[in-house]
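**Q** Take a look at the letters that make up each chain.
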Amino acid sequence: MGRTRKGWRRVINGVNISAFFVTLFIALPLYWLIISSFKTPVAMGDSPPQYWPSPFSGANYSQAFVQYDFGIYFRNSLIVTLCATALVLVFGTVAGYALGRLPMRGKFTLMVTLLIISVFPEIALIAPLYLLERNFGILNSYEALIIPYTAFNLPFAIWILRNYMLGIPKEMEETGRIDGAGPLRTVWSIILPMALPGLFTAGIFCFTACWTEFLMALTFESVNNWRTIPVGIAEFGTPLEVPYGTIFAASVVAVVPIGILVFIFRKFVISGLTSGAVKG
Amino acid sequence: MTSVSSAAEPAPASAPLVGRHDVNRKRMARLGWVFSAPALIFVAAVTIFPIVYSVVMSLSNVTVTGNGFKLSGVTGSNYTLVLKNSTWHYALGFTIVYTLITVAVELVIGTLIALVLQRLTAGRGWMMALLLIPWSMITVINAELWLYVFNGIYGVMDAIFNAVGLGHPNFLGTNDPAIISLMIADIWKTTPFVAIIVLAGLVMLPGDIFEAAEVDGSSGWSTFWRITVPLLRPTLALAVMFRVLQAFGLFDLPYVMTGGGPGTATTSLAILGYDAMFKNLSFGPGAAVATTTALLVLLGCLISLRTFRVQVGKEDM
Amino acid sequence: MWSASPINTTGVDVRTVLIKDFEKEYPKIHVTLVSAPTDTDTNRATLATEISGGSSTPDVFMGDVIWPAQFGEHGLALPLSDYLPSSFFAQFAPGLVSGASYKGKVYGSPMFEDQGFLYYRKDLLAKEGMSVPTTWQQLEADSVKLVHAGLVKYGFVWEGDSYEGLTCDFMEYLTDAGGSVTNSSYTSASLNSPAANTALTFMRSLITSGASPSAVTTFQEPQAMTAFADGQAAFLRNWDYAWADSQTPSTSKVVGKVGVAPLPTFAGQSYPGYSNIGGWNLYINPHSKNIAADLDFIKFMASNEAQDVLSVQYSEIPTTTAVRDSSAVIAENPVLATVPKTRLIARPAGTPNYPALSTAIYTNINAALAGSTSVSSALSAAQSQATTALTSPAGGL
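Protein chains in written order, with the working numbering: chain U, 1 to 280; chain W, 1001 to 1317; chain Y, 2001 to 2397.
It is worth saying that the hints were derived from the structure and are not from the lab. Worth double-checking, as some hints may not be accurate.
[Claimed, not checked] Stretch by stretch, here's where chain W covers chain Y in the computed footprint (C-beta under 8 Å, at least three residues):
no. : segment
1   : 2052-2060
2   : 2068-2075
3   : 2202-2215
4   : 2226-2233
5   : 2356-2365
Idealized CB from N, CA, C, for every residue including glycine.
Please construct the entire structure, taking both the sequences and the accompanying hints into account.
**A** Set out below in structure tokens:
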């Protein structure tokens, strides 16, 4: 990558053109989502459709928060998701490290067992899980979701983290040992910073999985105060009417935290990216 | 510390060194178990009972009563019912083809996106944030959005097709277009998933190999195929494996967009299982569908691991 | 605790109004509302999991009219007839109580009802000098004429998607043609009959003749409603809520231009055509700890006071004959006025395997409507799948 181009050729190159098309591919349906959330119910059914809402109405947003308790759902989703993701990252990183870099027997069996667990269709597990939770009396609480979310996202997180741990050069532990650090210190101060892209990946996936999970949230939290966003949105309207505008509005709001998270951590990610390129 | 001194000692006296190395290995192994125990115990505690219960359900006659599920007898009849069912055959074929196509497309597009992201100089952070938005949408909302887009009367896709003279195709009401619509909705939402996994893998590749290749005069594409891809194999395998896993569980999109229709054209295995269990309240056959699906997916994952020639547990320290 | 999915979207939530009125009359009983998911299948799934898991809540739940057989068979609802006298059930309109019964016991108390109606654009018919069609054939011809005259984009919109609503629509055409889905004891299916053939062929012809857009095979109630309320269609078959929807300026462009009539029938049959019964019943959780209070709640919902609120203030069709026939209700809106004129047909929900039976119907009918199979092969497939549903213990897959 030592070539430099002059003038407009600096901007117009293969990479940037591709980036442009990718952006278009992602952004167009999002554009549709966002503008539809500002359309009035009458305008939703226009044919040909309105490419820009007129009138431009924020009624859907106020309806989501006022008529439906979207604020409560948002809070619940946030708490449950953040807790589960934190737990997954903590447990998963050490486990991923162990299964990737420490000489354990039976690694293959363990990894495949974890695979089997993440593979089992959720629908079959709902009823027995409900019985379990009922027995322990934890229905309609935060634990009702945090515990299964952690358990079901750990296998995938372990697979991801292990994969990235494997990519770290083997000599890293040696460096730690030479410096006189114990295994835990080695992991914390040497391995962890290098595995950050992996942690970010696992974290973002866990967050998204928990944020958008529907089936368990529906079954384990039946009282309105404990409901999460996906379940809350499933209640907009009536059995015969689907208020698309309000649903889209709520969805736009639900997507905001992800954007914020990535924005906050983008320095992390970018430094991870550049350090990875320089390393070696 | 003993470990420090053993590393600093010179090479001779191999016998004691080997002995120490062995002890070290054992200690490392134990440490490994200590590290992984919390995660493993947690997962086991929560998932063992439901999975075992499910498998047991699939092997008995289950009746739903007001006082719980009554399981009676050990029988393979649920499985014979499922295996002989023609809708299940269709769902199996449909789900497999759907998985193959969407995963392949997403792999290609996702890798391309990752490559672009890696080389992008300005706006990389923004693009990543943008990429993550479709992925973080609730699957049901995504389905509702595309349902709105593909609506046969007031959908934007219909307007576009009409404007370019392709008339009014009934996207969700005709077999193949319905399947393709589902795929588009899926691909749009989950390609970022593949892109991020591959990107993180790309980023961790050591840079000096690429510099050496460039010095050797290797062109972009040839570098890609001969160096990048082989190094990326474990990452690609991971991405494929988990996408296969998710694609097999295809549920939300057909549920919202087509209800499994037109007819049964978009009935996936998960929809079939859900209908059996929660509409017909036949939990025995439903559990059989779930278990067979799990076995099939496991097979699929193991096959994709082999395809990428990734071995687990053979790396040693 | 009362679990009910949302009933109305505009104005005050009718569920809270009813609860307030109930608590005024029974000050010692406190009701908590649990909002159930709007999708009826999701609702059923959650309730089945909770109740069979032994949960004592919700105490009372509002459920679909097609649930009694399934819930009764699996012990998921209390047999109300064991607790309430037959005089209680006599106050409901004919047919509703038998629809809520299974094996001689009544499981649900009809709360409010729903039927199919024909909605039409008064202004368009007037322009072309047409009268309200009384036969399906007339409706088809009128639709085509209006589309060709360029007055409207589409003629007749209805619910043709592969879902429960298609079974509802199909029942109307089938019964008009003189057919039925099963025999009265639910032991054999009769879907491969000449009547069924007539019905399905006609439904398919609506699309091929251009009376209905081909997209109608993807329409559920919201899509059909939007097409009509947006002014794109001349005729609509929908439930009673469509009236209120079409007269609300924020959701409709055809305010003041809509008329309601009973559904047409086939030429040669007696008018009007049959309307499918929909609606919601109240059921009691067998594990409920407050059965006496639950029964009071149910009795209140069937009382004139509650039924008046539902019908006069919220335009739902009442279930008790007293309120249905009252002049105040009839004067309220054209839909309620049309109710006494309609003929009703219920879906064949008297078997616990009804969902499988309905699936056999709607998946095949939808395939035929989409043109991917012929009418005859769709009906024979439906027949064999329906037979499996009726005869196998678990209802098949």
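**Q** Now tell me if each hint is right for this structure.
**A** So, going through the hints one by one against the coordinates:
no.	hint	result
1	2052-2060	holds (count 3)
2	2068-2075	holds (count 3)
3	2202-2215	holds (count 3)
4	2226-2233	holds (count 4)
5	2356-2365	holds (count 4)
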